[in-house]
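The residues making up each chain are set out below.
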Amino acid sequence: MKVPVIWLRDYVDIDVPIELLAERLTAAGIEVSHIEYIGLPQTFIEGIRWPISEHLVWDRDKLLLGAIREVKAHPNADRLVLAMVDYGGGELEQCVTGAPNLFEYKDKGTLPQPLWTAFAKEGAEVWDGHSDEPKRMILKEKALRGIPNRSMVCSEKELGISGEHDGVILFHDQPRASDGTPHLPGTPLQDVLGDIVLEVELTPNLARCFSVYGVAREVAALLDVPLRPPSFDVLMEGAGIAGDASIEIREPSLNPRFTLALLRNTTIQPSPEWMQRRLRLVEQRPINNVVDVTNYVTFEIGQPLHAFDYDKLRARAGGKAPKIITRLPEPGETLTTLDGVKRTLDPHNILVCDEAGVLSIGGIMGGAETEIDANTTTVLLEAASWNFINVRRSMGSQKLHTEAGARFSRGVHPSQALLGVRRGIELMRQTGGGQVAAGIVDEYPQPAEDVTVELPISEIHRLLGIAFTAEQAASLLARGGFGVMPEGDVLRVIVPDYRLDIGTGIIGQADIIEEIARIYGYKLIPDTLISDEIPSQYPNSAYAYEEQARDVLVALGLQEVISYRLTTPEREAQVTPPGLPSSLPLADYVTLANPIAPDKTVMRHSLLTSLLEVARGNARHADRQQVFEIGSIYLDRPRQELPDEPIRLGILLTGRRSAGEWIGETGGENVDFYDLKGVVEGLLHGLHVHGASYRRAAHTSFHPGRSALLSIQDVEIGTFGEIHPLVTAAFDLDDAPVYAAELDFEALLAFVDPLYTVAALPQTPPVLQDIALVVPDSTPAAEVERVIVRAGGDLLRNARLFDVYQGDPIPAGHKSLAYSLTYQTDERTLTDKEVARVHEKIVRAAERELGAKLRA
Amino acid sequence: MLEKLESLYQEALGALDAISGGDALRDWELKYFGKKGGVTELVRSVGALPKEERAAFGKRANEVKTALEAAYAEREKLVGAMELAKDLEEGEVDVTLPGRPRATGGLHPATQTLREYARIWAKMGFQVYRSREVEDDDTNFQLLNFPPHHPARDMQDTFHTTKPNVLLRTHTSPGQIRAMRELGENGTKPIRVILPGMVYRYEQITARSEVQFNQVEGLAIGRNITMTDLKGTIAQFAREFYGADAAVRFRASYFPFTEPSMEVDVECFLCGGQGCRVCKYAGWLEISGAGMVHPVVLENGGYDPAVWSGFAFGMGPERATMLKHGITDIRYFWGNDLRFLEQF
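Going down the list, the sequences are from chains B and A. 1 is the number of the first residue of the first sequence in my numbering; add one for each residue after it. 1 is the number of the first residue of the second sequence in my numbering; add one for each residue after it.
Check each hint, because a few of them may be wrong.
Okay, derived cross-link-like pairs now, BS3-like style, lysine-lysine, Cα gap no bigger than 30 Å in a straight line [stated by the list, open to error]:
(1) A/Lys163 with B/Lys600
(2) B/Lys523 with A/Lys123
(3) B/Lys2 with A/Lys123
To give a feel for the contact side, a few chain A residues facing chain B, derived at Cβ under 10 Å [as the list claims (entries may be wrong)]:
(4) Thr104
(5) Ala220
(6) Tyr254
Derived CB-CB ranges, DEER-like [stated by the list, open to error]:
(7) A/Leu88 with B/Arg657: 32 to 42 Å
(8) A/Asn62 with B/Glu681: 57 to 67 Å
(9) A/Leu270 with B/His34: 19 to 29 Å
(10) B/Asp489 with A/Gly326: 49 to 59 Å
(11) A/Ala306 with B/Gly340: 50 to 60 Å
(12) B/Glu785 with A/Asp157: 52 to 62 Å
(13) B/Ala760 with A/Ser20: 44 to 54 Å
(14) A/Asp157 with B/Gly340: 44 to 54 Å
(15) A/Thr188 with B/Ala542: 24 to 34 Å
(16) A/Gln10 with B/Arg657: 57 to 67 Å
(17) B/Tyr538 with A/Leu270: 11 to 21 Å
(18) B/Asp551 with A/Glu240: 16 to 26 Å
(19) A/Arg208 with B/Arg657: 34 to 44 Å
(20) B/Glu355 with A/Pro164: 35 to 45 Å
Calculated from the structure, these hints are not laboratory results. We put the CB at the ideal spot given by N, CA and C, even for glycine.
Okay, chain A solo, but in the shape it has when bound (with noise of 0.2 Å):
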């Protein structure tokens, strides 16, 4: 028995010096400690021993046993390190081979932009308020200085209903009044806002007008802001928008609403003033209006003018959009076509 001890002994720990991969060195475990394994089978006949035989025949086989799990264990490390090395040498992919496609989603690119928007603006405390699209007349335009029939109503060509009285909202500035009424608490309390959301305008659709688009009002009512603040707080949008070095110009306008008014341009980011087709050779890109809110229209909103003061602004998100990534048909906003979101 020991003999046959001695010689599995030897024949295992031949074997194991043979082995160079996982597989063998599975089956040699198996051969020699699974159930039927020789070591196991040869340790299991101990009882067949005479009794004096056993203590000294039992101790050589713990060595056995023992010696050989050691050298089995070392052999596997042995086995580990060298098929790590063989594949570190030989396991290699075509890394030119294109990636499995994930299936990911995507917002809007209008809804980034207004999440752009809303981001630069929470920074500078202006709250999201919305405000419903379809309007009353005198919601969109009397209280906010559009007499009937009055020629500032040519500017924004109106989607009329069959209700009389009632349109759709040609800009988001009737959330100004709402804005007004709802959050001044009777012209007490200072405002500061912005009213993101679609407005829709009487316009033939082509590659440069849509009959709906985003707007992004802005408005802040206060004891004491002035339009120095406005173009201020305007020029520090621009620069988190647009770029750091992004220059702004106001030019006087007229929107009926404000007063003074303004158009802001942004110094065109594509060709950094000198002059392109984007910027039509202008070198300024229009931005937003902007003003300083007319007396009239806060009196509608609940507030003293010869007290309160505030300014406004507007801008279009999906233009913002268009100059930033070269998009040049603004009918592909509501087009919907998976090829032109999923670029975004």
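Okay, chain B solo, but in the shape it has when bound (with noise of 0.2 Å):
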């Protein structure tokens, strides 16, 4: 919301700089975002940073007000004229111009009203008009097509305020200052058009400074200065509005308030020249003095009003007085609102009508055919109060947002209606004429009651920490408004109407505490560490190993990386060739109802398909990628409101072995399955994870051939392998063969033996013998090397496979696995003779077992 200064100071004394102002706004929670200079300098204080501003700061010398008294034609231009400006210097300044809005009054002689505009002597620097870019200058002396030239009557763009260069700056009539007096020739253009405006930031439990008035309640409150509320005092002149119009409501819950008031006999014109630019400076359009008037109303107090061509009302009711009912809409039933778009109301949409029909959205717009135009006589003013939540629903499902509805949206109470109603009225008779009707329809079923809260002193220091006497908290307190009765040890905290985020109860008193520190000053709270006692600590073993697996996968070499959780179906049905059964979780998805784009529309249910895309994605820049993540997929569970979200570990592993070329060698060879399950393999081992086998896996993401399913102790983790062809062709990744594993990290975790233990250092030599048996190529390594380890008992320690080789002289058909086997025994050394015995055994019982024989 967009604050100027200058009306700000309508209501309170600012007696420091604008700069420090906006910081202690901003401590105190209402954020001054920005600060906007017009003319104005800016002041820079220490310790207080706000970013320099490149605005152009106007010479109180030579921009000045000025009066065109005569605009006389340019003797060789027909595009040009000649304005003689009065700027208090004695002469007129004779300035050639080509501004549009001047030539209606060329050769009328001296006007009889001069035409008040911003005047730039010689020598004063303002913006090029005529510049795409912003570019300064400063005035020279130059002929125009013969005439000399060396000042200028200003547009809005050349003096910084908008982009507006279709005319130079014509006041409605003579401007004022703020006391009413009116402004000179040559008065500095600071003093009648300078400005800041603070733009602020409001979260939602500020709706109460949705205003100037309400920003100004706040300054009153931080400067402890005394606040000048606008005037509630109205003219009525005008017979009696009793018998021209009534009120019904219907549903006071959403209603619980609704005013009318009535001015006879005006005349629809422009609003006057301050009030004008009070609203452009809050970038509102003005239009006549009527919809200006709502508009000023709502940006000054923050009660937005609607106003109503009251003879229009009255054609509807057969020429009756129109009576004003608010309910809830019939089923169907539409309305054309102003911005001409024909709307079905929705049922929670509480709506303002007549006896003939809708006429507005309750507080938020209202519609085409009642309202205001130039030739509307008399008003029917409405000030009304509407429940925020409902207008909030209503903004959405209509899709209508409005200055009103922000601020009904955001909460207004009751009692702003009455305020509202009698400043809009009286504004309304001050710049149109006529006369307001004596009296105010009032309807308020069920008046809002005060709010009291109950605050014992000790609260304070309980939640706050440090210790305020009665008088000290009572006098923030009635700082910020609040009426405060001490009462012993308990202050009496009357909360003020506008105040709806403040609560009742232990609510409340949180409320109150919260406005004590906030006026106080943050600042001033001190530091203290937390002297509770240290709850009892327990241990978070699941998140603790899920730390520990991404070291040991980082000390192998992986790279970890981060995924979006939101995919779509089709992205993960990739993750399977076409035609297979597909690879994927059963489970339905957690699907979203309003996704944002259409490549996030689902949780994921596949690591795989996460490590696929971060592959493809790098595969344009890099020929080695070595990649884990760890992280939840999401599995919807029938009858259950909320889904699983089991912890998966995935690997992918593509692309060159090594880690990159040096100079003379290249990167070496592409990795294989037995890269990816040495990785596996670290990982148990870090882990501390037993009792691993693995066998062929049957999962269609992967090549049959050359995937694994990992099982420990019977239980199956997991699947890794390369990739099946078709699914890396999918993914664009022809380069090289890509190696994945997707494991279930929880059943993992189940394994991890943080007790293990730790063998001593053997006291004894090993005996050292290696071992090449040719078996057939069917039969597999696991097989082999259990017949050996269970015929090695107690004295083989360790078997080793160092090669396996087939071709000559092997049979086809089989191969040679050739291991290294070390026989030890911590008794005592081993004898030549027991070695070969057991050696032996093993040999026997490989030929018996596995049909092996022993390469020569």
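These two chains come separately, so use the hints to put the complex back together.
Listed below in structure tokens is the structure:
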């Protein structure tokens, strides 16, 4: 929201630089996000930082209020005129200008009323009105089509007020100071048009600050200065309103209050200069005095108003006095709103109607039919209050955002309606003439109760950690507009009606304590460390092991990635080759009702897809990828509201095995199945998981011959291996085979053994012997190893496969597996004889159980 | 024989003296002491001598053998020294050539920052508590004092799911409710936890906004926890995370689940508060939203707000990482470009 300081000063004296005020407001939660300067200089204060503003500071001696007394024709140019400007300097200054909005005054002689404008003397700095880029220039004497010229009448663009350059600034009438004194020609423009506008960000609790006066209340509290409310007096000279309009509220919970005032015999005309200027500063386009007043009061005190053309209402009522009815819609009811949109109304949209039909959507936007036009002579002014939750819902369902709706949807107290209708009807009378009807129709079936909070002084200390006396607390609250009555150790706090954010009971106490802290200043509250007892600590082993697994994988040379959890079923379907059964979990997806992007509609079921997409993304620039991710997948559960969120561990390797090329050396070969298996084994080792077994996997995302199912003690943990070539092709990963794993991380963690034993170092020398066994191709290495280990018994400490060989002289269909065997026992040094006996036992077992032959 | 022995002795000594390299030394050893070496053969031939000469020859042969072995050992030492000297003199490499690349792994920057947070908060007694990402409306909003249709909900644009009442959590704060209910033992035990994890917002993905990001929520509940504790504890964190001189300021703000509520800024550590592009010339960087736990939230967590109090705060690790390392595009985090990730 924009807050012009010149407007703010109507209600509060600001005796500090605006930059300091902005800092104080920000610290108190009314965040000033930007300070906009119009012609006035920026002030720099020690310790307070605002961005340096690039605006034009108006020279107080050279940029002045001017009065154009006469507009003469240019002797040599039809598209230029000579403006004769009185700037308080005795003689009139002749300015050559092409401003189109002066042409209608050409050759009219001395004007009966001068045209008030912004005048720049020779040497003044202004923005170049003809430049597309912001460019400053200094006025110098120069002839224009033969007529000497050294000064200028200015457009808004040339002064940096706006981008407007279609004509020079022409005030609607003689500008006045805020005390009403007319400004004279030659007054520095800074004093006439100069201003500072604060851009204020309002959190949802700050409904009370959604107006200039609302911000002024905060300024008064923070600076501890008096507040001057606007006048709510009305000159009521007309016949009474009773009998000319009535109100019926059918849903008092949605529309607690409705008020009406009537202005007769008025004239619709442009608003006065000061009002137009203020509206422009808050980005409202002036229209006519009645519409402008409704906007002005909305921005001034935060109570939106709506003006009806009374005669149109009367016509709809068949010439009788209209009756305003607020109610919910009939099924199928429609309304064409002021924005020209014909709307079908939702069942919860509270409406303002008459007996002939719908007039407005309550608190949001009026209808086109009864709006004010140039011929309106009688204005019926509405000020009402609306349930904020309902207005917010209606704005959402009608996709309709208005200044009125923005305020009502945050909350406006019913007390403000009466103030608004009084302020509005009087301003309309002042700006358009006519007589205000005596009396206000005020329907307020269930008046809101005053809120009072009992606050024990000790509670302030309990929650803030600093002690206030009752007097200190009361004085801070009084600055904030609260009524305070100390009663012993308890403060009885009477909450001002506009403070809808203050609750009752223990919530109200917390609200009041926050106010005390806020007005006192968070800055002044000291820092302490917690003196309360430290809670009992508990282990979070799932988290600890997850971090441990990350460390292990990083030590194995892998880079961690973190992917979007949102994907689409189509993206994930690519992880299975066409025509094969899906490898994805069978569960339903957690599906977004309001996706923001077409490629993010569901929560993922698979880490494989995430990793293949990572690989695809990097393939263009990386010929080696070794990555992992640990994260959740999301599985909808039938008959349960919330999904399962199991954690998966994914690994992906592709491209070169070694880190990179070096002078004269290539990067080497691509990774294969055993690189990936090495990572899996390294992970198990690092987590101290024992009892792994591997068998051929049946997972459709993988190459059936080069993938394995990992089990720990017969519990399936996951599949790893070469990704199916049709899947890699679907992810455009054709350059090298891709190896990946997706493991059920929680299943794996069940086997982590934190109390693993560490063997003592051997005291006796080992005996090393090699053995090479020739077995059929189809015999898995694990089977050979199992036989060796069992036959080797206690004396065989370790069997390590070091060679697999096929080809001459090994018979076709066979392979030779060579193991290095370590014989050792802690009790004694083994004799050759003992070793030979066990070795022989192994050979015989292999022959017997595997049909193996000892390789010569 | 004896003369032969003596001449072989002299020859071997002479040859040894001429040796300056390890290879020649090994050749020498083979020539005189190998299986078919001169000395070995001569000693072996002792049997061919008449009996009476054998003793004298054997004695002399042993002397020669011992002397040659000693000479060899000495020469070996000398040759070693010469070779070392040569290597030290001439064996230089071009130290300006690049190193041979090593395969190193790395943690994602978000993990690194989360760990740093966890480490600092653990020192102050805050333990990690994790909770679910797909949440119900009650826990994400209502129990945190966001009534249905309340304007405060506008502060957090929400992804809803096709199941009524189920949404993607918009903040880690629902974990407050879950932690209080799980660890608080019906409001009888104090709590100090941090709640790290992924949250989701209905936002266009741009350089400055993301649909998913991490948050780290903190929650301390006790019988004697005050706003001064909140200020002091967060200031302590900021000094450890942003540097010993880091100044913090607290501004009033609004969150439905805390009261008083505040925003916490740290003095811009890039410009020392003088104003720069990163802090948008304000000198301050927003690092946290915080506040005293709202009485309604305490009640919903099972605590009596007349007896118990607490504070909570939320921080954004990705934003902190961006500030520290001059990253201007938040999309890098989940883009997983290795050229980005490998810089951490």
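Verification of the hints:
1. A/Lys163 with B/Lys600: Roughly 17 Å between the alpha carbons, so the hint for A/Lys163 and B/Lys600 holds.
2. B/Lys523 with A/Lys123: With a Cα-Cα distance of about 26 Å, the restraint between B/Lys523 and A/Lys123 holds, given a limit of 30 Å.
3. B/Lys2 with A/Lys123: Judged against 30 Å, a Cα distance of about 45 Å means the pair is violated.
4. Thr104: Holds, because the Cβ-Cβ distance from A/Thr104 to chain B comes to roughly 6 Å (cut-off 10 Å).
5. Ala220: 6 Å, holds
6. Tyr254: 4 Å, holds
7. A/Leu88 with B/Arg657: 32 to 42 Å: Because 36 Å falls inside the window, the suggested range holds.
8. A/Asn62 with B/Glu681: 57 to 67 Å: For A/Asn62 and B/Glu681 the Cβ distance comes to about 58 Å; the hint holds.
9. A/Leu270 with B/His34: 19 to 29 Å: 21 Å, holds
10. B/Asp489 with A/Gly326: 49 to 59 Å: 54 Å, holds
11. A/Ala306 with B/Gly340: 50 to 60 Å: The hinted range 50 to 60 Å holds for A/Ala306 and B/Gly340, with Cβ atoms some 56 Å apart.
12. B/Glu785 with A/Asp157: 52 to 62 Å: 58 Å, holds
13. B/Ala760 with A/Ser20: 44 to 54 Å: 49 Å, holds
14. A/Asp157 with B/Gly340: 44 to 54 Å: 29 Å, violated
15. A/Thr188 with B/Ala542: 24 to 34 Å: Check passed, 25 Å falls within 24 to 34 Å.
16. A/Gln10 with B/Arg657: 57 to 67 Å: Holds, at about 59 Å.
17. B/Tyr538 with A/Leu270: 11 to 21 Å: At 39 Å between Cβs, range violated.
18. B/Asp551 with A/Glu240: 16 to 26 Å: Holds - the Cβ-Cβ distance for B/Asp551 and A/Glu240, about 22 Å, lies within 16 to 26 Å.
19. A/Arg208 with B/Arg657: 34 to 44 Å: 40 Å, holds
20. B/Glu355 with A/Pro164: 35 to 45 Å: 40 Å, holds
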